[in-house]
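Student: Quick mapping for you: the protein sequence lines, in order, are chains A and B.
Sequential numbering from 1 applies to the first sequence in the numbering used here.
Sequential numbering from 1 applies to the second sequence in the numbering used here.
Among the hints, erroneous ones may be present.
Heads up, the list lumps identical chains together, so a pair's fine if it works in one copy or across two of them.
In the DSSO-like style, the derived pairs of lysine-lysine whose C-alpha atoms are separated by at most 30 Å in a straight line are [stated by the list, open to error]:
hint	residue 1	residue 2
1	Lys10	Lys98
2	Lys3	Lys200
3	Lys3	Lys175
4	Lys3	Lys98
5	Lys98	Lys200
6	Lys38	Lys58
7	Lys347	Lys175
In case anyone wonders, no lab produced these hints; they're calculated from the structure.
Residue strings, one per chain:
2 protein chains.
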Amino acid sequence: MVKINENYLKLPGSYLFSEVARRIAAYTAAHPGVTITKLSIGDVTRPLVPAVIQAMHKSVDEMGTAEGFHGYGPEQGYPFLREAIARHDYAARGMDVKPEEIFVSDGAKSDCGNIGDIFGTDNTVAVCDPVYPVYVDTNAMAGRAGDYVEALGRWNRLIYMPCVEANGFSPEPPKETADLIYLCFPNNPTGATATREQLKAWVDYANANGSIILYDSAYEAFITREDVPHSIFEIEGARTCAIEFRSFSKTAGFTGNRCAYTVVPMELERGGARLNSLWNRRQTTKFNGVPYVVQRGAEAVYTPEGRAQILENIAYYQRNAQVIREGLTSAGLACFGGVDAPYIWLKTPDGMGSWDFFDLVLDRANVATTPGAGFGPSGEGYIRLTAFGGAEDTVQAVDRIREMLRRG
Amino acid sequence: MVKINENYLKLPGSYLFSEVARRIAAYTAAHPGVTITKLSIGDVTRPLVPAVIQAMHKSVDEMGTAEGFHGYGPEQGYPFLREAIARHDYAARGMDVKPEEIFVSDGAKSDCGNIGDIFGTDNTVAVCDPVYPVYVDTNAMAGRAGDYVEALGRWNRLIYMPCVEANGFSPEPPKETADLIYLCFPNNPTGATATREQLKAWVDYANANGSIILYDSAYEAFITREDVPHSIFEIEGARTCAIEFRSFSKTAGFTGNRCAYTVVPMELERGGARLNSLWNRRQTTKFNGVPYVVQRGAEAVYTPEGRAQILENIAYYQRNAQVIREGLTSAGLACFGGVDAPYIWLKTPDGMGSWDFFDLVLDRANVATTPGAGFGPSGEGYIRLTAFGGAEDTVQAVDRIREMLRRG
Numbered sequence: 001m002v003k004i005n006e007n008y009l010k011l012p013g014s015y016l017f018s019e020v021a022r023r024i025a026a027y028t029a030a031h032p033g034v035t036i037t038k039l040s041i042g043d044v045t046r047p048l049v050p051a052v053i054q055a056m057h058k059s060v061d062e063m064g065t066a067e068g069f070h071g072y073g074p075e076q077g078y079p080f081l082r083e084a085i086a087r088h089d090y091a092a093r094g095m096d097v098k099p100e101e102i103f104v105s106d107g108a109k110s111d112c113g114n115i116g117d118i119f120g121t122d123n124t125v126a127v128c129d130p131v132y133p134v135y136v137d138t139n140a141m142a143g144r145a146g147d148y149v150e151a152l153g154r155w156n157r158l159i160y161m162p163c164v165e166a167n168g169f170s171p172e173p174p175k176e177t178a179d180l181i182y183l184c185f186p187n188n189p190t191g192a193t194a195t196r197e198q199l200k201a202w203v204d205y206a207n208a209n210g211s212i213i214l215y216d217s218a219y220e221a222f223i224t225r226e227d228v229p230h231s232i233f234e235i236e237g238a239r240t241c242a243i244e245f246r247s248f249s250k251t252a253g254f255t256g257n258r259c260a261y262t263v264v265p266m267e268l269e270r271g272g273a274r275l276n277s278l279w280n281r282r283q284t285t286k287f288n289g290v291p292y293v294v295q296r297g298a299e300a301v302y303t304p305e306g307r308a309q310i311l312e313n314i315a316y317y318q319r320n321a322q323v324i325r326e327g328l329t330s331a332g333l334a335c336f337g338g339v340d341a342p343y344i345w346l347k348t349p350d351g352m353g354s355w356d357f358f359d360l361v362l363d364r365a366n367v368a369t370t371p372g373a374g375f376g377p378s379g380e381g382y383i384r385l386t387a388f389g390g391a392e393d394t395v396q397a398v399d400r401i402r403e404m405l406r407r408g
Numbered sequence: 001m002v003k004i005n006e007n008y009l010k011l012p013g014s015y016l017f018s019e020v021a022r023r024i025a026a027y028t029a030a031h032p033g034v035t036i037t038k039l040s041i042g043d044v045t046r047p048l049v050p051a052v053i054q055a056m057h058k059s060v061d062e063m064g065t066a067e068g069f070h071g072y073g074p075e076q077g078y079p080f081l082r083e084a085i086a087r088h089d090y091a092a093r094g095m096d097v098k099p100e101e102i103f104v105s106d107g108a109k110s111d112c113g114n115i116g117d118i119f120g121t122d123n124t125v126a127v128c129d130p131v132y133p134v135y136v137d138t139n140a141m142a143g144r145a146g147d148y149v150e151a152l153g154r155w156n157r158l159i160y161m162p163c164v165e166a167n168g169f170s171p172e173p174p175k176e177t178a179d180l181i182y183l184c185f186p187n188n189p190t191g192a193t194a195t196r197e198q199l200k201a202w203v204d205y206a207n208a209n210g211s212i213i214l215y216d217s218a219y220e221a222f223i224t225r226e227d228v229p230h231s232i233f234e235i236e237g238a239r240t241c242a243i244e245f246r247s248f249s250k251t252a253g254f255t256g257n258r259c260a261y262t263v264v265p266m267e268l269e270r271g272g273a274r275l276n277s278l279w280n281r282r283q284t285t286k287f288n289g290v291p292y293v294v295q296r297g298a299e300a301v302y303t304p305e306g307r308a309q310i311l312e313n314i315a316y317y318q319r320n321a322q323v324i325r326e327g328l329t330s331a332g333l334a335c336f337g338g339v340d341a342p343y344i345w346l347k348t349p350d351g352m353g354s355w356d357f358f359d360l361v362l363d364r365a366n367v368a369t370t371p372g373a374g375f376g377p378s379g380e381g382y383i384r385l386t387a388f389g390g391a392e393d394t395v396q397a398v399d400r401i402r403e404m405l406r407r408g
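With the rest of the complex left out, here is chain A (with noise of 0.2 Å):
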């Protein structure tokens, strides 16, 4: 008889974003006519840009030919891709990161979830609280994570380092010795970024504990002070203890296009093995590479001209943040981040829980947020906001908030 992984059946009620999704959905049953503005998912609504377009016009024609067809590219990505990423993502910032340490991958979701293959289930996880729910799962689906406990909502075996005012939503590394550290700057859900000397703690704790960094900087192009890093690579002493996630999803809108990568420094080994030939032997095993045109038009990102229209999207889309902060901290609500992140984490007034005050706003403002205490215990008590929207929409969904709160 066939044994299920038991882990799964652990893992507790649905997906925040289907439940979010979910409750939108039944209002809007519930009240035909009213239409939802949208501050909640973190998808892209900017088209692809020109280069982009441009670049995958022409590999779709290229697969037409046979001369030009491509066939099984190479699971790491083509060494055209690989090589852009290695100068203009971190030699152009003084980073040496070689191609062979580039695996170029269908997403970050997909690399933060598979990269546990490598780890032995015995590893003590840390991850932040809030967090990402994809870092929390996939450890429970591996066994990591222990048994969750309903009426704490958190797993027995996690280590959950609390992000929160006092700390600026970015943690000191835990009193215990974790093996495998999630971390994600500028983060989602907080909008928070760490410092070079906070990255600097957290790179020297796991060199002294023999300890892995998960580094996700899917958010970096959003950073817009000088000193914010933008890789765990620009921290010395991070090459013997990371590993970095970026995506092209938010950078370049391609979550519909579907085009990341991990970088596995040569340095990083753990018991006796090279990190970077173990997820190479993953990869190889188990992927099968992003499509050609795909990584063409990701490649066109790079050129001058994709440079320049992705960065035209990305300052859109740092407007709606700043709007989105500007216009509801006036309004006397207490933000966070925004500032070098699309995300806003926003405190709801009175303490209200952030599932309530998902439903009021969604209610008396018809605008969909992301409930914080989906993210985590410690994001009770806020909600999560997003900057990918249409600039209208954004100015108007502010503009409904302050009237419901006028309304009071």
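Here the structure of chain A is known, so what remains is to put chain B in place on it, guided by the hints.
Tutor: Frame of chain A; chain B shown alone:
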């Protein structure tokens, strides 16, 4: 200290196709000016058909406009594609497979590898011998294969089912109880098919033992004989014991375009859980769907024009298979497969070893093949030839091998 997944360290040597590529590269480097004709790696060579190219161009254009842009799609695939698959690949052949049972993905390799996530590590796994290495390696990574016994070329916890001339390369259910059973028909590497009666015996065995058949039918489009089943779901009782993997790779030349799908019937339950829900949870947590442009390309395969065009390409490869089979059979070699499959399984002359014959054919005929021993112990004494090359190359390769045999 981080513990790696120790199972990775048990994986022997390099992946079969890498070793083949390495030997070809070494030979080419040592013999400048010599051109190697590849009948080795199973990659297609015909370009994408015009209907697919058109659909991709159209959807690339959409992605460049605010109205037509598609961000995150459903992780399971867009309804337009799931419905087209259900209608054309199943309903048209009298099978009732619902769109909700179809999970669109980036590849059958990914799905065959990732499906293990939803099963416990203590299941007993049965594989054919010879076998597509991904089934074995992914189970080894999960710990289900036990330890690799170098002297036997086998893992000590896997059940190997020899596929040999005596059983027509189609094994009977084993005496032992296997929980997870990987079957692939038409088979890679042997090109063998299973009869309806043989599959019925498997389904009965699986239902009697609570086993699950993981049925890879990636090559079903190459079936020419009327009575050969295209899907495990043609067999009564399969919906309570089987998962099916299919791909656009060989059917429509999508090896560089990346699209496949997996069917998990709603009736399939084990340990009180619906496997469709478990796989849905796995995919929504660790995967973000296939690029919109690629899904539109895959949809075009089901239009009348698209269908006619891909059938032409399949017929082209089928003629290659015939050329290989007939050309080498008439030269006195024993050939199997190649009738309902793009693979020909060639018995080496004089009981020569697979790798020796590989080296001989590479050196004397300048033809690259794949050594049967690379697919498992029972593959020793065979090589695999593929029909995916150009027609002229295939004729030439066959001529060269015949010439080599004549020279003795």
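Student: The structure should be examined with respect to each hint, and the outcome stated for every one.
Tutor: Status of the hints after comparison with the structure:
Only between protomers do Lys10 and Lys98 lie at most 30 Å apart by alpha-carbon distance; the minimum there is 28 Å, versus 40 Å within a single protomer. Taking the shortest alpha-carbon separations for Lys3 and Lys200, only the inter-copy value of 23 Å comes in at or below 30 Å, while the best intra-copy value is 44 Å. With identical chains, the CA atoms of Lys3 and Lys175 are at most 30 Å apart between copies only, with a shortest distance of 20 Å across copies and 37 Å within one. In this assembly of identical chains, the alpha carbons of Lys3 and Lys98 lie at most 30 Å apart only when taken from different copies (25 Å versus 42 Å within one copy).
In this homomeric assembly, Lys98 and Lys200 come within 30 Å of each other (Cα to Cα) only inside a single copy, at 22 Å, whereas the closest approach across copies is 52 Å. For the homomeric pair Lys38 and Lys58, the shortest alpha-carbon distance between copies (28 Å) is at most 30 Å, but the shortest distance inside one copy (34 Å) is not. Taking identical chains as interchangeable, the C-alpha atoms of Lys347 and Lys175 lie at most 30 Å apart only when both belong to the same chain, with a minimum of 28 Å there against 63 Å between chains.
Every hint, counting from the list given before, is met by this structure.
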